[in-house]
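Protein chains in written order, with the numbering used here: chain A, 100 to 219; chain B, -6 to 468; chain C, 1133 to 1626; chain D, 58 to 204.
Hints in this document: simulated from the structure, not taken from any laboratory. Cβ atoms here follow ideal geometry from the backbone N, Cα and C, with glycine treated the same way. Among the clues, some could well be false.
[Said to hold, decoys possible] The following residues of chain C were derived to be distant from chain B, with all beta-carbon distances above 12 Å:
id: 1; residue: Val1167
id: 2; residue: Leu1519
id: 3; residue: Lys1533
id: 4; residue: Ala1540
id: 5; residue: Ala1559
id: 6; residue: Glu1584
id: 7; residue: Leu1590
[As the list claims (entries may be wrong)] Capping the alpha-carbon separation at 20 Å, the derived lysine to any residue pairs in SDA-like fashion look like this:
id: 8; chain 1: D; residue 1: Lys185; chain 2: C; residue 2: Ala1155
id: 9; chain 1: D; residue 1: Lys185; chain 2: D; residue 2: Ile168
id: 10; chain 1: B; residue 1: Lys192; chain 2: C; residue 2: Gly1544
id: 11; chain 1: A; residue 1: Lys152; chain 2: C; residue 2: Trp1546
id: 12; chain 1: D; residue 1: Lys185; chain 2: A; residue 2: Leu192
id: 13; chain 1: A; residue 1: Lys152; chain 2: A; residue 2: Thr167
id: 14; chain 1: D; residue 1: Lys185; chain 2: D; residue 2: Leu72
id: 15; chain 1: A; residue 1: Lys131; chain 2: D; residue 2: Phe190
id: 16; chain 1: D; residue 1: Lys185; chain 2: D; residue 2: Pro90
id: 17; chain 1: D; residue 1: Lys185; chain 2: A; residue 2: Ser169
id: 18; chain 1: A; residue 1: Lys131; chain 2: A; residue 2: Leu120
id: 19; chain 1: B; residue 1: Lys346; chain 2: B; residue 2: Lys192
id: 20; chain 1: A; residue 1: Lys131; chain 2: A; residue 2: Glu217
id: 21; chain 1: A; residue 1: Lys152; chain 2: A; residue 2: Leu192
id: 22; chain 1: D; residue 1: Lys185; chain 2: A; residue 2: Thr195
id: 23; chain 1: A; residue 1: Lys152; chain 2: D; residue 2: Pro90
id: 24; chain 1: A; residue 1: Lys152; chain 2: A; residue 2: Leu113
id: 25; chain 1: D; residue 1: Lys69; chain 2: D; residue 2: Gly131
id: 26; chain 1: A; residue 1: Lys131; chain 2: A; residue 2: Leu192
id: 27; chain 1: B; residue 1: Lys192; chain 2: C; residue 2: Leu1300
id: 28; chain 1: B; residue 1: Lys346; chain 2: B; residue 2: Arg425
id: 29; chain 1: D; residue 1: Lys185; chain 2: D; residue 2: Ile124
id: 30; chain 1: D; residue 1: Lys185; chain 2: D; residue 2: Ala86
id: 31; chain 1: A; residue 1: Lys152; chain 2: C; residue 2: Val1318
id: 32; chain 1: A; residue 1: Lys152; chain 2: A; residue 2: Ser166
id: 33; chain 1: B; residue 1: Lys192; chain 2: C; residue 2: Arg1543
id: 34; chain 1: D; residue 1: Lys185; chain 2: D; residue 2: Gly89
id: 35; chain 1: D; residue 1: Lys185; chain 2: C; residue 2: Arg1156
id: 36; chain 1: A; residue 1: Lys152; chain 2: C; residue 2: Gly1320
id: 37; chain 1: A; residue 1: Lys152; chain 2: A; residue 2: Ser169
id: 38; chain 1: A; residue 1: Lys131; chain 2: A; residue 2: Val175
id: 39; chain 1: A; residue 1: Lys131; chain 2: C; residue 2: Trp1546
id: 40; chain 1: A; residue 1: Lys152; chain 2: D; residue 2: Gly89
Each chain, written out:
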Amino acid sequence: MSALAPHFSYWVTLFLMVAGLYILIARGNLVKKLIGLAVLQSSVYLLYIAPGKLLGGTAPIVAAGFSTYSNPLPHVLILTAIVVGVATLALGLAITVRIREAYGSIEEDEILERDRAEGR
Amino acid sequence: MIVALCLLLPVAAAAWLALCHRRPNLREAVSLAAAAGLFACVASLSGEVLRGGRPALVLGEIFPGLPVAFVLEPLGLMFALIASGLWFVSIVYSIGYLRGNGERHQTRFFACFALAIAAAIGVAFAGNLLTLYLFYEALTLVTWPLVTHHGDDAARRGGRVYLGLLVASSMLFLLPAMAITWWLGGTLDFTPGGILGGKVSGGAAAGLVALYAFGIGKAALMPLHRWLPAAMVAPTPVSALLHAVAVVKAGVFSIVKVVVYVFGLDFEPAAFAWLPWVAGFTILAASVVALRADNLKRRLAYSTVSQLSYVVLAAALLAPLSIVGAALHIAAHAVGKITLFFAAGAVYTAARKTLVSELDGLGRRMPWTFAAFGIGALSMIGLPPAAGFVSKWFMVSGAIEAQHWMALAVIAASTLLNAGYFLPIVYRAFFRPAGGEMHGEAPWTMVAALVFTAALTVAMFFWADLPLALARSLA
Amino acid sequence: MLEHLPALQVVLPLVAAPLIVLARSTRFAWLATTVVSYACLVCAALLASRVADGGAISYALGNWPPPWGIEYRVDALSAFVLVAVSLTASFVAPYAQRSIAAEIEPDRQYLMYAMYCLCLAGLLGMAITGDAFNLFVFLEISSLASYVLIALGRRRQALFAAYQYMLLGTVGATFYVIGVGLLYLVTGTLNFADLAERLRMVQDLRPVLAALAFITVGMGLKFALFPLHQWLPNAYAFAPSMATAFLAATATKVSVYVLLRYYFTVFDPAALFERLPTREIFLLLSVAAMVVASLAAVYQRDVKRLFAWSSVAQVGYITLGIGLENQAGLTGSITHLLNHGVTKGAIFLLLGGVALRAGAGAVTMETLAGLGRRMPLTALGLVVAGLSLIGLPGTAGFVTKWYLIVGALERGAWWVVAAIAASSLIAVAYVWRVVEAAYLREAPAPAAARREAPAGMLAAGLAMAGLCVYFGFFTSINVEGAHAAAALLLRGAQ
Amino acid sequence: MKDDIILRVVAKLLLPFMLLFALYVQFHADFGPGGGFQAGVIAAAAVIFYSLIFGLRAGERLAPPWIVEAMLAGGVLVYAGVGVAGLLLGGNYLDYFVLHADPAAGQHRGIFWVEIGVLLTVAGAMLKLYTMFAGRDRNEDGEEEGA
């Protein structure tokens, strides 16, 4: 426990990372894959943000009475990363919708099956 | 200046030919004019080279210290003279052949022909290994459309073997050999006395020799000889000019150049000790195959394989006299073999016969053709009064000088074999009773061409001064 | 204005994209794209010449000095990549007009141009930025744009190919950003130069090692390092012609650049190459790519797929230099960024013309039958570019091969020399399948009429094929630039 | 859902406050958490909420597609324009110090306009995403929409 407790945010990060990757690889449903991708990306947000927090620190806005601030840089970075993540997810979903229209399915194996049938 | 002109002339001719493809007569006139011009250009350089001059041309560096450079030296001049001179004769012959056989895509044929000559001239003039390699590969590529000229399945198969073997050997062996030479010697310029002397020895040296000997696949050393018979699917003028003169001679020419200017004649003989055995084996084995081949062009092709190995054998002895013999043989074999191919093509055009066993009595219907064939055969065997005798004389002298008795034995044995597969053809043509239909000689341009080369073969026996002078300045 | 070139290099295409969306006119979109592409080429050329004369250029965005602000930094390596990318762009942009008009529905064409501009901006930004996180942002800009470009392909397989590429590409980018996060946690900085300095002082190397692994795999996914290449063949095969040409010529190259930047200037190369089996790993993976992917290419029926597989193999040539880690090897690698870009660009541009005239989405071996008679110039261009792919002397590909072989000899890696030769031999096999189809097969009767691709497309393709030959003889751009870049990387190694 | 009177009334009542809150988040960002990203999302949420209740068509009347696209592109242009303004006034790209005689005020001015750009782009993007997906089932029968 002593190794776990002080670094618990890392363990959560790690769990999310692996879980996201697992979903991404193991699931054949295109939407579920995207969910896995989103989980994976969330783990990155945590990886950056969690260490930026100082115990007792406040939002990094200069004001009387506060002297410890959290590190603002990771937040800025992750704001960008979140935007990127949203864009990726939206694009992924848009493509999925069109795949469904073109193939009538969003299961990976069925799509591959149909491609193979066409290739012959 | 003239060096650049020699390279540009055939390329320009090819472009021009492509433009006037709707007017065959103009096209052929352009071809002939270009060939004559090229020969004149090369010949005009010979005086300077014989006096010891080395006309040079440098076209920009590809890599730091590695330019595309041309330096004209005696061996290259000889090769260029042969290639350009016989180009003219071949065009005369081709006009008759292509029209007589109603071949398609004649413009493409003449254009690629011109490009092949340009590449051969590039090989001949190359001032360093990189330039030589550049044109060596170019020669393979531009002759591929000629080999696959008919466009049918047989042509495609032949083309694959041709391209596959030539490109594979040059990429797998020649390119690494070049890189190793550059890495060891720091230069790829052809230097009198060689660039590798003292830089590599023992097994590594022998390995490098092997990379070069097999990398230059155009020299058709066994077991890399199969592209040559495969190339026989091409129309006969192609076989005549390219696979008796330009392409194969580019191969043995490169070998001689590498031996003389990269390794140097003083290179440790141990590294070359294995090569005469392989070359000797090729000479004998190819002769035996030729002996059994019934298809005339196939027999000629294997004869070429064996004759090429004479050059390799002679070069590998590293003796001055044998190098002279090797250089001379490049010229002697060229004129002799092109005569033989011309004759084979004439027989095909006039009588539609391709097999040796069908030639009975044809000598009486086509006396000029078979007289020329006889002279070519004499040259191959190495009997006077034909050019082959001179070169063989020097090779034998070289073998004695180097005290290489195996080489001597091989040359003797193969002379017998050569006689064994050429004389029966002449005998059949003149002394067996003729078969059915009546026909005369092939079109006159073809006959004129082959009589001319036969005369040249004899002339090179009596007046061997120029080639001998060029060859002697090598060693 | 000249001191602002680094900013303009990225801002020009970045501004062009929203302008195109606002204007909603295909004609304006094409015009803007072309102008911007040429402007980028001019910027890149000017930057390269300034770098060659006076050393690296640093540009502080927002006037916040590095390492606090984001720094744009142009040195010999990034200048070379900038030139390579914008050179390709300047050929693709004029080509795009007819190609897009033929392949994309009219009301979506301006979006295609906008995405192309974004992609260009992202790639240029990746090459120019000196900030690890900013690089991630540009990476995602270019990636998102390229997913859209691929998804706009005419056949439905394009959608699934884009989806797969998006999935793997995003995982790659995420891995990269995880690696950067770890480095940031250890050092507290994101500026490359600053990172390099502070990493030297780090005692606990475990997070750095993890960061190295994440960045390597992440970037490996983006540039299709064997065996992380699964997304590539389909993505290239089904994308619209101009997208394939542009992405094949640039996208993977810029990701390799990122890896080079990290390996030789951020991490400590001495430790990286001496204490870890980096050399062996890259030699093995590169050789495997060169041989296996080439073999796979031989068996393709779809010609675009064939050349896509060949791209995987050619990436092997590029990464080979990392494994050789010497002047000649790295010169070969870096020059191949440009050489292969030009070669593949030419091939895909010309194939786009073939596809247009064939009227089908796919270019198969049957489509190519009789091409030598129907489209003689296109066929000639394909042959020339194919020769460069094989690496015959007198072409750009030979220049690469020569340096790689010399580099392998210096390293004493004889088996690598053999592998390079063997791989080129397999390249002969697949290129010659195309040549035989074009010249030795008769065209089916209805398609036998002689009809070249539209002039603009043909000219762009032939010009690039011409560059393959130009760079094979006149190496002042590709070799000298690469030589300087390799020297720079190795200087960082000391 | 537009038949439900409670929803309709509440929606109409809430809408101005949501937009106002967006503006508050936008402009109070100098002194507290907030900024263009958050404000953009809130503003877009207001419009999306409206079109959830009154239907997509009504939402599109409120924010026509061409305006949404213009917002998307215009926001980026405003952002980039601030950068170019810095260039023109003699600074580096994105240099805010030169935007005003007093460098601190210059920073204020620069970030103000940049945040406006962000607001526009984020709001535009959110709306675009919503209409793109919500608009799907209107033309299910094979007709395709831009992605």
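Could you check the structure against the hints above and give me the numbers of any it violates, in ascending order? 2, 3, 4, 5, 9, 11, 16, 17, 19, 20, 21, 25, 27, 30, 34, 38 and 39
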